[in-house]
Structures are given as C-alpha cells and as structure tokens.
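Number of protein chains: 2
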Amino acid sequence: MPKPTAGPEIERLIQLLAKVPGLGPRSARRAALHLIKKKEQLFFPLSAAMAEAAEKVKVCTRCGNVDTSDPCTICTDPRREDATLIVVEDVSDLWALERASAMNVRYHVLGGTLSPLDGVGPDDLNIRSLVSRVAEGGVSEIILAVNATVEGQTTAHYITDQLSDFEVKVTRLAHGVPVGGELDYLDEGTLAAALKSRTAFD
Amino acid sequence: MPKPTAGPEIERLIQLLAKVPGLGPRSARRAALHLIKKKEQLFFPLSAAMAEAAEKVKVCTRCGNVDTSDPCTICTDPRREDATLIVVEDVSDLWALERASAMNVRYHVLGGTLSPLDGVGPDDLNIRSLVSRVAEGGVSEIILAVNATVEGQTTAHYITDQLSDFEVKVTRLAHGVPVGGELDYLDEGTLAAALKSRTAFD
Ligand SMILES: [Zn+2]
Ligand SMILES: [Zn+2]
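Protein sequence lines, in the order shown, are assigned to chains X and P.
Under our numbering, read the first sequence as residues 17 to 218, first letter to last.
Under our numbering, read the second sequence as residues 17 to 218, first letter to last.
These aren't lab readings, by the way, just hints derived from the structure by calculation.
You may find that some hints are simply not true.
No distinction is drawn between identical chains; accordingly, a pair holds when it is met within one copy or between any pair of copies.
[Said to hold, decoys possible] In silico DSS-like pairs for lysine-lysine, Cα to Cα no more than 25 angstroms straight-line:
1) K74 - K212
2) K72 - K53
3) K212 - K185
4) K212 - K35
Okay, chain X solo, but in the shape it has when bound (with noise of 0.2 angstroms):
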C-alpha cells in the first residue's frame, strides 16, 4: 500500500493479528475493524484479557502445561486421580483430550518428539521429568497419547524403555487414530473411543 489509509496504530494492528492462526492478512483487517466497531463489547475486554493473560501465563514447572498457576489447574486439582498419567506431545493435544475425555486424570507434556534429524534428543523433551514422576510412586499406567507419526511412535517407543523398570503399565491410544494423523485435528468423537478402548504398548 503505497500512500496511509490510517493511522500507524492501527496498522500495526493489522500487522500483528496477520500473524495469528487463523487469520491472514484480509482477515486481519476485518478482525481489526470489527474489534473497532465493538469497542466496549469486545475491543476493550479483549484487550485487558491479552494483558492479563500475556503477563500471567507460565508453563508448569511439574507437567509441561501451561497456565496462569504454577503447578497448573490440571495438577493441583484434587478431584483427579494420580494413578493415571496421560503423556502428550504438545499442550495442545492435552486441550483436545481434556475436550473429549471423561477421564479425571493427570497429565505430562514432552513438548515435541524426538528427531534425531533435527537435532531433538530426550534431553530436550520433558522426558526425566516423566520417568522422576513414575519413580516417586503412584502411577500404575501411563497412557501415550502421542501422535500417530513416525516421530511420536519412535518417541513412545524410547519411553517405554526408560519405564521398563518400573512397576507402571504402558497403553497407548486405541488404532482409531488415522496413520499420519495429528491428535489436534481429530473430532472429539473419535478422540473419545481411542482413549476408551486403548492397548498395551508392546
């Protein structure tokens, strides 16, 4: 755009919500008018709840969550039960099953898989982290909610090792999960019915 159309602010605006998923650049710029258009219905109270939430969110030094708690709602909520530890790639794969699952349990997020192409070794996932879990007592099964990708398999695989000392039953989700898929993406339907009829990890 060779000449403003409004001011620099607003632009900038423009500029930043271009980047949130979801949105592209047109979007962005009906986002922005519309956030505009509703000032004090939505303009505002989202932009409080940003900063709040911006200023607030830590990732819990516990389970790999994140939250404006630390320890996280999830870990400090006593109505779940310990027994059972659901391990996720990503936090927001814990969100999906969080959505689809009745289960009162806990979980632990890796934050990625292992990739030796990329340079991702255990050390930079949350994996001691686990295994310090399982070792403190407690568990009795640790479900591997892991994606259904060559990375998120080779990572269940290297997990169940590092558990085969302990006395922790290892299941993974039911074959329900379409090959190649990502957990994210799936329908809550389907979700469900994998976490409910899950198998032995062998």
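Using the hints, position chain P with the ligands against chain X.
Same frame as chain X, but now just chain P with the ligands:
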C-alpha cells in the same frame, strides 16, 4: 467442559478470541496457545498494540472513517485531491477501495444504507454531512461506491436527489460488481476495473 483445564485468565482470553471474526471456538484455542508459545515475539506486542489502538481509535468527524486521529489520515493527507469524493457504506469498503485503487482522492463513509424496514432513515446515516461537504464547494465528482444491493441502490438514488441542486457529477461503479455482491469480498482487480470504468448515475 465440566472441569477447568486452564486458569480463568486463559479461558476468558479464549472466549473473547472466539468472538473475533475469522476465529471460532476451536481456532480461538489454537490462537491462544500460539500466542502463549510466542510470548515475546507476538503475545506481548499484540497485547500492547491492542491496548494502544483501543485507547486511541476514533471516528473521523469529517468523513466517518475510523483512525487514531480526527480528522483522519486520509482527510488530512495533502497529496489527495479534494475534487473527488468516494461515498461508501462502511469503513471496510473504504479500506478495500484503498487497497484496490490508485486514486488519490477522499472518502465519505455513510455508516450503512437506507432500510425503512429496519428503521434506518436518512438521519441515521452520514448523508447530511455529505451534502454539507459538497455545499462547501471544491467537489466536482461524487463516486457512489455502494454495494450492488437493493438497499445500496436505494441509498444511491436518495443521495443523487439530495445533490441535484449542486454542480457536481454523480457517478457509480461500473457494472462489473456482481449483482447482490458486497464490495468487501471482491478481488482487487475487479474493484480497480469497476472503479476505472465508472459511469454517470442517472
Ligand atoms: Zn501441571
Ligand atoms: Zn476523515
């Protein structure tokens, strides 16, 4: 969701993001998580940009555009010619035309269209201020860049009547705009062509 997954600040952020056009409830979760992960690069800057824009944004009292200054950037731009005014329904149309066109002119934003059934009459739109701008003199052409809808065309006829006492040429966008279509959704080539071959309004 029966049990809390994340702190109330994050849940509130997701709820408000879901109201932004282009994002639904699920995209809002992905967007929130992306923001959290890109805290320094995106979350803080976007939060600051929103606060600043929300604080500073205002409606131009001369043309009806939204900007962070009043009069707006377009009204105060000395490189634009005063002789041509493009009349649009909405600020989004102004932005679309600016992106599409090389015309260095000024605008007038009506803020809607005449719609007796919805109780929108001439005094609910910025029509009186348009007539005043023409009465000031210096405007030789009014381009009615309203949507090709019944309401848009009704509004165009009304404005043409109101301007019949002035020495001003009233034109409209070339037929090239699909009938029933909204300017805002058109590609820039179509909009530029329609603007170039505009015809006398009669
Ligand atoms: Zn936690
Ligand atoms: Zn203006």
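Indicate which option fits the pair K72, K53 if close means a Cα-Cα distance not exceeding 25 angstroms: within, between, both or neither.
Cα proximity of K72 and K53: across copies only (13 angstroms, versus 28 angstroms in one copy).
Could you figure out if K74 and K212 sit no more than 25 angstroms apart (CA to CA) within one copy, between two copies, both or neither?
neither (31 angstroms within a copy, 54 angstroms between copies)
Check K212 against K35 for me: Cα-Cα at most 25 angstroms, and say if that holds within a copy, between copies, both or neither.
Cα proximity of K212 and K35: none, with 37 angstroms in one copy and 33 angstroms across.
Please work out whether the CA atoms of K212 and K185 approach to 25 angstroms or closer within one copy, between two copies, in both situations, or in neither?
Answer is within: at 15 angstroms inside a copy they meet the 25 angstroms cutoff, but 72 angstroms across does not.
Taken one by one, the earlier hints fail for this structure at numbers 1 and 4, listed in ascending order.
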